[in-house]
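Chain by chain, the residues run as shown.
Number of protein chains: 2
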Amino acid sequence: MTILDRRLFGPGPSNPYPEATAALGLPLLGHLDPAFVAMMDETCDMLRTVWGTTNARTLPISATGSAGMEAAFVNTVSDGDVVVVAVNGLFGQRMAEVARRCGGEVVEVEHAWGTPVDVDRVVSAHPHPKVIAAVHAETSTGVRSDIAALGAAKGDALLLVDAVTSIAGIDLQADAWGIDVGYAGTQKCLGVAPGLAPFTIGERAWERRVEKPRSWYLDLGLLGGYVGEAGTKGGARTYHHTAPVAMVASLHAGLTRILEEGLPAVHARHQQAGHLLQAGLVEMGLELFADAGCRLPELTTVKVPDGVDSAAVRRELLERFGIEIGAGAGPYAATVWRIGLMGHNARPDAALLVLAALRDVLGR
Amino acid sequence: MTILDRRLFGPGPSNPYPEATAALGLPLLGHLDPAFVAMMDETCDMLRTVWGTTNARTLPISATGSAGMEAAFVNTVSDGDVVVVAVNGLFGQRMAEVARRCGGEVVEVEHAWGTPVDVDRVVSAHPHPKVIAAVHAETSTGVRSDIAALGAAKGDALLLVDAVTSIAGIDLQADAWGIDVGYAGTQKCLGVAPGLAPFTIGERAWERRVEKPRSWYLDLGLLGGYVGEAGTKGGARTYHHTAPVAMVASLHAGLTRILEEGLPAVHARHQQAGHLLQAGLVEMGLELFADAGCRLPELTTVKVPDGVDSAAVRRELLERFGIEIGAGAGPYAATVWRIGLMGHNARPDAALLVLAALRDVLGR
Numbered sequence: 001m002t003i004l005d006r007r008l009f010g011p012g013p014s015n016p017y018p019e020a021t022a023a024l025g026l027p028l029l030g031h032l033d034p035a036f037v038a039m040m041d042e043t044c045d046m047l048r049t050v051w052g053t054t055n056a057r058t059l060p061i062s063a064t065g066s067a068g069m070e071a072a073f074v075n076t077v078s079d080g081d082v083v084v085v086a087v088n089g090l091f092g093q094r095m096a097e098v099a100r101r102c103g104g105e106v107v108e109v110e111h112a113w114g115t116p117v118d119v120d121r122v123v124s125a126h127p128h129p130k131v132i133a134a135v136h137a138e139t140s141t142g143v144r145s146d147i148a149a150l151g152a153a154k155g156d157a158l159l160l161v162d163a164v165t166s167i168a169g170i171d172l173q174a175d176a177w178g179i180d181v182g183y184a185g186t187q188k189c190l191g192v193a194p195g196l197a198p199f200t201i202g203e204r205a206w207e208r209r210v211e212k213p214r215s216w217y218l219d220l221g222l223l224g225g226y227v228g229e230a231g232t233k234g235g236a237r238t239y240h241h242t243a244p245v246a247m248v249a250s251l252h253a254g255l256t257r258i259l260e261e262g263l264p265a266v267h268a269r270h271q272q273a274g275h276l277l278q279a280g281l282v283e284m285g286l287e288l289f290a291d292a293g294c295r296l297p298e299l300t301t302v303k304v305p306d307g308v309d310s311a312a313v314r315r316e317l318l319e320r321f322g323i324e325i326g327a328g329a330g331p332y333a334a335t336v337w338r339i340g341l342m343g344h345n346a347r348p349d350a351a352l353l354v355l356a357a358l359r360d361v362l363g364r
Numbered sequence: 001m002t003i004l005d006r007r008l009f010g011p012g013p014s015n016p017y018p019e020a021t022a023a024l025g026l027p028l029l030g031h032l033d034p035a036f037v038a039m040m041d042e043t044c045d046m047l048r049t050v051w052g053t054t055n056a057r058t059l060p061i062s063a064t065g066s067a068g069m070e071a072a073f074v075n076t077v078s079d080g081d082v083v084v085v086a087v088n089g090l091f092g093q094r095m096a097e098v099a100r101r102c103g104g105e106v107v108e109v110e111h112a113w114g115t116p117v118d119v120d121r122v123v124s125a126h127p128h129p130k131v132i133a134a135v136h137a138e139t140s141t142g143v144r145s146d147i148a149a150l151g152a153a154k155g156d157a158l159l160l161v162d163a164v165t166s167i168a169g170i171d172l173q174a175d176a177w178g179i180d181v182g183y184a185g186t187q188k189c190l191g192v193a194p195g196l197a198p199f200t201i202g203e204r205a206w207e208r209r210v211e212k213p214r215s216w217y218l219d220l221g222l223l224g225g226y227v228g229e230a231g232t233k234g235g236a237r238t239y240h241h242t243a244p245v246a247m248v249a250s251l252h253a254g255l256t257r258i259l260e261e262g263l264p265a266v267h268a269r270h271q272q273a274g275h276l277l278q279a280g281l282v283e284m285g286l287e288l289f290a291d292a293g294c295r296l297p298e299l300t301t302v303k304v305p306d307g308v309d310s311a312a313v314r315r316e317l318l319e320r321f322g323i324e325i326g327a328g329a330g331p332y333a334a335t336v337w338r339i340g341l342m343g344h345n346a347r348p349d350a351a352l353l354v355l356a357a358l359r360d361v362l363g364r
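Protein chains in written order, with our numbering: chain A, 1 to 364; chain B, 1 to 364.
Read the hints as simulated data drawn from the structure, not as lab findings.
Incorrect hints may have been included.
Claimed, not checked - With a Cα cut of at most 25 Å, we get these calculated BS3-like pairs of lysine-lysine:
(1) B:Lys212 / B:Lys130
(2) B:Lys212 / A:Lys212
(3) A:Lys212 / B:Lys130
(4) A:Lys212 / A:Lys130
(5) A:Lys130 / B:Lys130
On a predicted model such as this, the values are computed, not experimentally measured, just so you know.
Could you build the full structure based on these sequences and the hints that come with them?
What follows is the structure, given as structure tokens:
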């Protein structure tokens, strides 16, 4: 068997931190082992740090980021609840779909792809929504939106935020920005394999939550016992489901690595790598897709030059260099590339490599 | 850091097959990489073999076994549908709860814990249920029920089966037995870490499925594109969510190992290890909990002797020998132990070890 060693420079997964990969290979612990309970406690604590929150109810949900989205809505939205969704890309669209399935009366506020969320339009879309939902870092377009401004203007609504591509890559302050419910993924800037959804919910949202959500698996009322409520560290756990032990161990290792480096340094590393990449792409004569001023450093969108076959370029990068970059999303599938330098890949050498390979394949 | 090396002889997770652990440490593939698409195809094929099915729609759902249960009900049960649930342990109870959350009119057919499902009582509980649900191997009691007999008597109902603790441990024939929908977990006899739910659904159930389930994440209509429909191997995939790539690679490795050994040999190994364990427990003067004739070889339930502190024994096993065994479930938490010899642990040396350790701690 040949083991493939890819450079994952697409929109995710990224190559995990070596510490996160190594942890996957350690002997497995039982999900009720005192050592695993302690590891889960520490994982939740470290997640609080990267979320910028003191929320007691902060945990890794046992499924991928999209299940985190579903957990966010199924626990806050029931039949007839008004949900305003800021849509500026694929994941905003998905939020609207998931909210509708929960029975929500969804008001979609459409934006052009590549632009950030317009806070005024969103908060004036309905007089008294139960929930306002937005994506912090749109994975489909490479755009950052101003969640702090949205939080300041949310009024009585609960603010529900997708931080899948922002967590541990750019500044994220759940408490200071007024995020009531947030979900993320492990496979982007956290530098861990996909499979868990870091999640946080604050007191305001907790008090207004759906008492008995349609989903048993994602019912936060039951999950509280699974990870232990605040103040019961090391205390009794209520069995809910079998924790994905290996993935939690890997997340623990990735978070430890990140916090040892220090969040500001990690953010700076993402900033520098993304800047290097974006400057290099422009220098190569390519045009960036996302509006200037809202570009994510960790995920760059760039237009496919006229006359170039997007898929052929991606295939050649993969086959000749073992480098994966992403196609565009939705309507931009054939006309945009997405290049992620996230987590362990947020390094100058990775930026140089993808630039050199693109230059080679494009003949520029 | 001291790395703990536990012997996981509880009700799950079990120690994974070495091949499954090794696969977790391999370089990560992108979830759209052609090599990963091929690996997913092979994984689904191998899952068909261990399920005993030719169902096109057989896949690893991206969450733990309990999410498999939720996927089974949310795709087949909507408001007002009658669901008969055979309850002979904790997981039957859970099925009833999940079915109710999906809006089902649930008829629970209660059985004493430790006994198998009474097929006559179950099929006569309602004249025309949409779904009849039962657990093949009750993890809470160590009991095997006769699913073939239930399938033969199901009439027009869809038969929905929990195979979490039976898959790859004892005989399981989804097609021959008339199972319409089945879900399982990876962390028991499949010998892979927890985190995925092997799932299968046949044509009858597919035609009667819920068109737009409340859950987006577990919507089988959308997941078809995620893994590729039958006959489209290697063909285009529709992006749904990011596959938990490392876990799928691990499941692929575990399944490969199992099928190289051969399912009959794997079943015989579970049978022999369980028999050795159960005979040794009886010889030690302990009393088995599950009714004779329906005892699972892979998961043994045994009564805690009078005057013995169940938790203290488990703690001593863990601390002195690094051996985990399980407490009882539900009403039997303090009075029953659950000892699993599953997957890689279904070996005579594991049986001897747990017997010797128990003898030592109990002073017998």
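Query raised in the report: For this structure, which hints from the list above don't hold up?
Result: 5
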